[in-house]
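Protein chains: 2
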Amino acid sequence: MNSLPIDRTELDSGNSSLVDKVETRIVELLREQQFKVGDVIPKEMELTEMLGVSRTVIREALMRLKVMGLIESKKRKGSVITSPDIFNVLSKSMKPHILDQETLKDMFELRLALEVGMADFIFQRINDNDIQELKEIVSREPEASEEDRFFIEHEIAFHSKLYEISNNQSLKNFQKLLLPLFDYVHNSGLLKIPVNSMRYVSHKGLVDVLENGSPELFRNAMRNHLENHFLRLF
Amino acid sequence: MNSLPIDRTELDSGNSSLVDKVETRIVELLREQQFKVGDVIPKEMELTEMLGVSRTVIREALMRLKVMGLIESKKRKGSVITSPDIFNVLSKSMKPHILDQETLKDMFELRLALEVGMADFIFQRINDNDIQELKEIVSREPEASEEDRFFIEHEIAFHSKLYEISNNQSLKNFQKLLLPLFDYVHNSGLLKIPVNSMRYVSHKGLVDVLENGSPELFRNAMRNHLENHFLRLF
DNA sequence: TCTTAATTATATGTATTACATATTTACTTG
DNA sequence: CAAGTAAATATGTAATACATATAATTAAGA
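Here the protein sequences line up with chains A and B, keeping their order. Residue numbers for the first sequence follow the working numbering, beginning at 28 and rising by one. Residue numbers for the second sequence follow the working numbering, beginning at 28 and rising by one.
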C-alpha cells in the first residue's frame with residue numbers, strides 16, 4: 028500500500044488544517060482500497076510514513092474517525108473498520124442543555140412524525156406475541172391521572188414496544204436517543220400549552236386497531252393519540 | 028474555576044481510557060458551570076492543570092468535543108461552546124460504502140416514515156406561495172418514463188420543497204443527509220423488487236390534496252405515492 | 001500430544017518538550 | 001492620532017520516550 032504525501036500548500040486552506048486534510052485523505056484511501064467492515068487499516072506509523080506527517084496528526088485524524096464510529100482501535104491489533112452506529116454517534120452530541128431551543132423543538136416534531144409515519148412497518152412485522160405483550164403492558168397501566176412520573180414510565184414502555192415491533196434498529200436507537208430530550212423539552216417551557224394527560228385515543232384503542240385495523244387506521248389513531256403534543260406545538 | 032484531578036484508579040475501567048474519563052469530566056464541568064453557547068471554555072493548559080493530565084490527553088478529549096460539534100477552537104482565542112448542528116455531525120459518519128446494509132435499509136425506511144408522518148406540520152405551515160411553487164415544480168416535470176436521471180431530479184425537487192415547507196431545519200438537514208444514500212440503496216440490489224416509476228398518486232395529486240384536503244388525506248396520498256418504495260421493502 | 005502458563009513483540013495510549021502559526025494587544029514612531 | 005511593528009498568547013504540528021494491553025509464540029507440564 029502506498030500513497031503520496033499530503034499536499035501542504037495552502038491553496039484551498041484558510042480554513043482546513045493539516046488534520047482536516049489528513050482525515051479526508053485517509054477516508055479517501057479507505058474507499059479507494061475498498062476497505063470493508065472488519066478490515067484492519069494501516070498502522071499509525073505506516074500512515075505517518077505514507078502521508079509524511081507526524082504521528083500526532085495521524086492520531087488526531089484517526090481519533091475523529093473513531094468518534095464518528097468509522098473505526099475502532101485495539102492495542103497491538105491496530106484499527107479496524109466498523110459499521111458506525113450512527114445514532115450512537117448522534118447521542119454523543121445530544122446534550123439537551125447545550126442544544127439550542129429550535130433544534131430541541133425540531134427533534135420533538137421529528138419524533139411525532141416518525142411515530143405517525145411508521146404504521147406500515149409495524150403492521151408488516153407485528154405478530155401475535157407482540158399483540159399479547161402490548162395488551163399486558165396496557166393492563167399494567169394505572170388509571171388516568173395518577174403519579175406523573177409513573178404515567179410517563181408506562182407511556183415510554185408502550186411506545187418503546189412499538190419501535191421494537193418496527194424491527195428497525197436505527198429507529199429504535201433513535202428513540203432511545205430522543206427519550207432524554209423529552210423530559211427536557213417538557214420542562215423547558217418551550218411548548219406553548221401545558222401538558223394534558225387526557226388522550227383522545229388510548230393505548231388500548233391503539234392495540235385494538237393493531238389487531239383488527241389497517242395501517243391507515245393506525246396512522247389516524249396514533250395521530251389522535253398524540254393530539255396533545257401536536258396542540259402544544261401549534 | 029477549579030476541579031479535582033482525574034481519578035486514575037481502574038475502578039470502572041477495563042474499557043474506558045483516560046481520554047474517555049477526561050472527555051466526560053470536561054462535559055460535566057461545562058454543565059456544572061452553566062456554560063452557554065458562545066462562552067469560551069478554559070484553555071488547554073488550564074485544563075491540564077485542573078485535571079492533572081497531559082496536554083495530549085486534553086487535546087484528544089477536546090478534539091472529540093469538536094467532532095461532536097460542541098465546541099469550536101480558534102487560535103489565540105481558545106475554544107468556545109457551539110450549538111451542534113447534529114445532522115452535520117451525522118453526515119460525517121454517513122459513508123454509504125461503509126455503512127452496513129441493514130443500516131442503509133433502516134435509513135431508507137426512516138425516510139419513508141418521515142414523509143408520511145410529517146403531514147400535519149406541512150399543513151400547519153403551508154401558505155399560498157408554497158402551493159404556487161409546488162405547482163410550478165410539477166408543471167416543469169417531464170412526462171412519465173423519460174430519462175431516469177432527469178426523473179430523479181424532479182422527484183428530489185418536489186420532495187425537498189415539502190421538507191422546506193415543514194419549516195423544520197433538522198428535518199431539512201436530515202433529508203439532505205439521506206439523499207446521497209438513495210442512489211446507493213437503489214443501486215445496491217438491497218431492495219427486492221426493481222424500481223417501477225409508475226406512481227399510484229402523482230405529484231399533482233399530492234398538490235391537490237394539499238390545496239383542498241386534510242392532513243389525514245395527505246398522509247394516505249403520500250403513502251400511496253411511495254407505494255413502490257414500500258413494495259420494494261416488503 | 002495437547003493444554004496451559006510464561007514470554008516476547010507490537011501497536012496503541014499517555015507524557016513531555018519544543019517549535020510553528022495565527023491573532024489579538026500593546027507599543028512605537030512618524 | 002494613525003499606521004505600522006513588535007510582543008504575548010493559545011492553538012496547531014512535530015518528535016521522542018515510555019506505559020500498557022494483548023496477540024502471537026514459545027516453553028512447561030500433564
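Honestly, I wouldn't trust all of these hints.
Heads up, the list lumps identical chains together, so a pair's fine if it works in one copy or across two of them.
What the hints assert, rightly or not - Okay, derived cross-link-like pairs now, SDA-like style, lysine to any residue, Cα gap no bigger than 25 Å in a straight line:
| no. | residue 1 | residue 2 |
| --- | --- | --- |
| 1 | LYS104 | ASP34 |
| 2 | LYS48 | GLU243 |
| 3 | LYS132 | MET121 |
| 4 | LYS231 | LEU56 |
| 5 | LYS199 | PHE150 |
| 6 | LYS63 | LEU204 |
| 7 | LYS162 | ASP34 |
| 8 | LYS63 | MET121 |
| 9 | LYS231 | ARG35 |
| 10 | LYS48 | VAL64 |
| 11 | LYS70 | TYR211 |
| 12 | LYS63 | ASP127 |
| 13 | LYS132 | SER118 |
| 14 | LYS199 | MET121 |
| 15 | LYS102 | ASP210 |
| 16 | LYS93 | GLU238 |
| 17 | LYS132 | ASN154 |
| 18 | LYS70 | GLU243 |
| 19 | LYS132 | PHE150 |
| 20 | LYS48 | LEU208 |
| 21 | LYS101 | PHE261 |
In case anyone wonders, no lab produced these hints; they're calculated from the structure. Remember, predicted model here, so these are calculated numbers, not experimental data.
Status of the hints after comparison with the structure:
With identical chains, the CA atoms of LYS104 and ASP34 are never at most 25 Å apart, being 29 Å at best within one copy and 27 Å at best between copies. Taking identical chains as interchangeable, the C-alpha atoms of LYS48 and GLU243 are never at most 25 Å apart, the minima being 49 Å within one chain and 48 Å between chains. Taking the shortest alpha-carbon separations for LYS132 and MET121, both the intra-copy value of 13 Å and the inter-copy value of 24 Å come in at or below 25 Å. Taking the shortest alpha-carbon separations for LYS231 and LEU56, neither the intra-copy value of 54 Å nor the inter-copy value of 44 Å comes in at or below 25 Å.
Taking the shortest Cα distances, LYS199 and PHE150 sit within 25 Å of each other inside one copy (16 Å), while across copies they are farther apart (27 Å). For the homomeric pair LYS63 and LEU204, the shortest alpha-carbon distance between copies (22 Å) is at most 25 Å, but the shortest distance inside one copy (27 Å) is not. Taking CA atoms no more than 25 Å apart as the test, LYS162 paired with ASP34 passes in neither setting, with 63 Å inside one copy and 47 Å between copies. Taking CA atoms no more than 25 Å apart as the test, LYS63 paired with MET121 passes between copies only; the shortest distance there is 15 Å, against 29 Å inside one copy.
Proximity of LYS231 and ARG35 under a CA criterion of 25 Å is satisfied in neither setting, with 64 Å inside one chain copy and 51 Å between copies. Taking the shortest Cα distances, LYS48 and VAL64 sit within 25 Å of each other inside one copy (23 Å), while across copies they are farther apart (28 Å). In this homomeric assembly, LYS70 and TYR211 never come within 25 Å of each other (Cα to Cα): the closest approach is 43 Å inside a single copy and 30 Å across copies. For the identical chains of this complex, LYS63 and ASP127 are inter-copy neighbours only, at 9 Å across copies versus 37 Å inside a copy, given an alpha-carbon limit of 25 Å.
When the C-alpha separation of LYS132 and SER118 is checked against a cutoff of 25 Å, the pair qualifies both within a copy, at 16 Å, and between copies, at 20 Å. When the C-alpha separation of LYS199 and MET121 is checked against a cutoff of 25 Å, the pair qualifies both within a copy, at 16 Å, and between copies, at 18 Å. Neither within a single protomer nor between protomers do LYS102 and ASP210 lie at most 25 Å apart by alpha-carbon distance, with minima of 39 Å and 37 Å respectively. In this assembly of identical chains, the alpha carbons of LYS93 and GLU238 never lie at most 25 Å apart, being 44 Å within a copy and 48 Å across copies at closest.
In this assembly of identical chains, LYS132 and ASN154 lie within 25 Å of each other by CA distance solely across copies; the values are 21 Å between and 34 Å within a copy. Taking the shortest alpha-carbon separations for LYS70 and GLU243, neither the intra-copy value of 54 Å nor the inter-copy value of 56 Å comes in at or below 25 Å. Within a single copy, LYS132 and PHE150 get their C-alpha atoms only as close as 28 Å, which misses the 25 Å cut-off; across copies the closest is 17 Å, which meets it. In the homo-oligomer, the alpha carbons of LYS48 and LEU208 lie at most 25 Å apart only across protomers (23 Å), although the nearest pairing inside one protomer, at 35 Å, exceeds that limit.
In this assembly of identical chains, the alpha carbons of LYS101 and PHE261 never lie at most 25 Å apart, being 50 Å within a copy and 39 Å across copies at closest.
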